[in-house]
Amino acid sequence: MALTKVGRIAMKTLNDEIKVLNNVIVRRNNFVYTPDTKITVQGEKTKMNMFQSINSALDIALRTDDTALVFGEDVGFGGVFRCTLGLRDKYGKDRVFNTPLCEQGIAGFAIGVAAVGSTAIAEIQFADYIFPAFDQLVNEAAKYRYRSGGTFDCGKLTVRAPCGAVGHGALYHSQSPEAYFAHTPGLKVVIPRGPTKAKGLLLSCIRDPDPCLVLEPKILYRGAEEDVPVGDFQLPIGRADILAEGSDVTLIGWGAQVHVLKQVAQLAKEKYSVSCEVIDLVSILPWDMDTVCKSVKKTKRVLIAHEAPLTGGFGAEIVATIQEECFLHLEAPIARVTGFDTPFPHVFEPFYLPDKWRCLAAVAKLVNY
Amino acid sequence: MSVMNRSVSVLSKNIRNCFVRRHVKRSLSSEAGPLFPGAKTSWTESFDFTGKHSYAPIPVYRVMDRRGNIINPDEEPKLPDETILKMYKDMTLLNVMDKILYESQRQGRISFYMTNYGEEATQIGSAAALDLEDIVYGQYREAGVLMWRGFTLQQFVDQCYGNKDDRGQGKQMPIHYGSKELNFITISSPLSTQMPQAVGSAYALKGRNRVVICYFGDGAASEGDAHAALNFAATLDCPVLMFCRNNGYAISTPVEEQYGGDGVAARGPAYGMHTVRVDGNDVFAVYNATRRAKEYALRESKPVLIEAMTYRVGDHSTSDDSSAYRSPDEVKQWSTNDYPTDKLRFHMESRGLWDKEKEKEWQQQARKDVMAAFQAGEVKHKPHWSVMFDEVYKFVPPHLQKQKADMKEHMDKYKEHYPLDKFDGK
Ligand SMILES: Cc1ncc(C[n+]2csc(CCOP(=O)(O)OP(=O)(O)O)c2C)c(N)n1
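Residue numbers (the UniProt record's numbering), protein chains in the order written: chain A, 1 to 369; chain B, 1 to 426.
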């Protein structure tokens, strides 16, 4: 009673009194999503955003494999990002279910499911909250096969986790932890750039014989939409995509950052008549050295951009390989544009991100070196 | 002696010891209880599983009935009128602040918010039973505790805006409050991480006449850190109050899917902890429970587990729409019956402490105060962008100085592409 009365009065006052103020928070998209033209999968397509295409992949996994289980925190009602919407009703709560709130439990349980031959598709609610599960993933999942000489494995394990910036996520709803996992022999790590890619990659991961981690850029769940094949299809793990061909500079990114890079390529062309080749790495572990090095040998200049901090970021690994493989081809030092070496800050997100202007400035430096 | 011979001789000595021990045991009285180091207990010769059926559920301690009448006069906390008034005013001010900040998120003015509806008494009752020197580790739904301690409306609003007067420098999402002066450790989003930390603080403060209180949800209680915290608290005799706000849900997950036992309270005795389950909607019951827990914790240097039973009347957060997983009837039931502020108001009215006129005046005052803070907070600039490089370390190390300098150079060239009008210029 107190609540509703207070509420009504307060709301009215609020609307009356603050209409005059218009210091609306900075909520800007760092990029514009353009539908994928790279992937050519035949068959019927329908418009989906990324949470819908992931839902479609999970639906197919549950339908085609009756050992498949989908679980995690709040997964039952559809998940906080709606990726599992409707699946509990369709497949029953024995196959699609909420777990208690415990990431180490989710990961350990999932490994156990996979170790006896069932398909485990686990959701960690945010990649920022995967760290309680780090031990299970890094010391257990990744090493199951190796430590038993191949006697046991948990290859039927797939862990999905939303990652990356979303405009207002701050320290604990924005992180991109791919580099921590890239340092873990035995795991596979992929990051989709949009709905079609997410569906195909997820189905590959679910059916891959090794444990996989799918980091899903959460800004794309609703923000990216395109015509997605409705049927069953897989896209390769370990292979990069060239999204735009170019001759002067190679731009390398993954996840949402590739959409920033696509814009950078356009700006570079308009402003400086520089032709950029844009590569989506897609797969962090294993990663596609061939595609990257071939491109670098052609363009002789490289920029790598990721949201995660600079130091020890996955960009560093790519830099090391490029200098080993393409040393004599390089015309300029390899550039990295990344999040800064600070925790991910709330109101400073527009300054923290490797946005198109920071990337463009780096391109200008590369060509003028 | 060869190595081989030596080990054979050690082995035979061990075997001899074995016989000696068995002999000693036989000489003990057959009435002796089991001697296993793992448990001090007795023998039984009839087989049974111990389970939920073996214990009655822990009852819920209350002081008031639904209409705010004291049920057992011995349990009335006999608080001074001013204290009761402050309790009520803080509980309802919290409502007004929640409403306005929730709405402001809806209008895109702040990025996120979490309301405290339904849990006013758990927060205020426990806060009132402690002293300012006692340290608070919160989860996030404890704004009332801070309010009780003296965090101002302006401080709440400034944090939610992340403006230049936010003590947290705009680094965290809204509602991640903290205050050194008020001994309230800054909120962190990862659940349950505060729990073992609270226990460590309590250990370090042993013997200094202070306790630590740690709030956590029914969902957070499932994390590995929750187990670590309770077990450390009990084995290391820490004067810590582990305060569970059991509000029925962890986002969409109902408690039935969170635990199989008798709530969180039942775990207390299993860890060897004094435990109490309390009506979290009864501010006096929460007050008494916390007060007595503190007295015990200080006297015995031991932890207490408190489980406050309540209901999360609001959505989990502004990112949530709870109609997707619970019925409006269920919510209505809790916002009309047993609502904590109503219960206290009935009590105050029956004592002649409060009436319609006072209520009206207070509601107006509360609204005016929140709006004033809100408007003042909204127009303040955010901190200068370079503040994002501060407080990563005590001193900015060279690699970060370089990144900051690079960014400065970039900003000089590209400033028109950044929302600098909303940020401090220097
Ligand atoms: C380690 C971790 N996992 C998941 C989350 C996401 N999350 C935030 S709040 C929440 C539910 C918490 O429920 P509960 O502890 O019952 O507290 P309540 O919100 O009901 O007050 C979840 C799952 C998180 N913040 N941290």
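Heads up, a few of these hints could be off.
Derived pair list, reagent style DSS-like, types lysine-lysine, alpha-carbon separation capped at 27 Å [stated by the list, open to error]:
1) A:K271 with B:K415
2) A:K300 with A:K269
3) A:K45 with A:K143
4) A:K365 with B:K86
5) B:K86 with B:K360
6) A:K269 with B:K415
7) B:K52 with A:K93
8) B:K413 with B:K402
9) B:K380 with B:K413
10) B:K180 with A:K271
11) B:K164 with A:K269
12) B:K40 with B:K52
13) A:K365 with B:K40
14) B:K164 with B:K394
15) B:K408 with A:K271
16) A:K269 with A:K93
17) A:K365 with B:K402
18) B:K408 with B:K380
19) B:K86 with A:K269
20) A:K365 with B:K415
21) A:K365 with A:K298
22) B:K413 with A:K365
From the derived model, a few chain A residues whose C-beta atoms are all more than 12 Å from chain B [as the list claims (entries may be wrong)]:
23) D59
24) I60
25) C102
26) A332
Read the hints as simulated data drawn from the structure, not as lab findings. What you are looking at is a predicted structure, and each value in this text was computed from that prediction instead of being measured. A virtual CB, placed ideally from N, CA and C, is assigned to each residue, including glycine.
Hints the structure fails to honour: Per hint list: 3, 4, 10, 11, 13, 16, 19, 25 violated.
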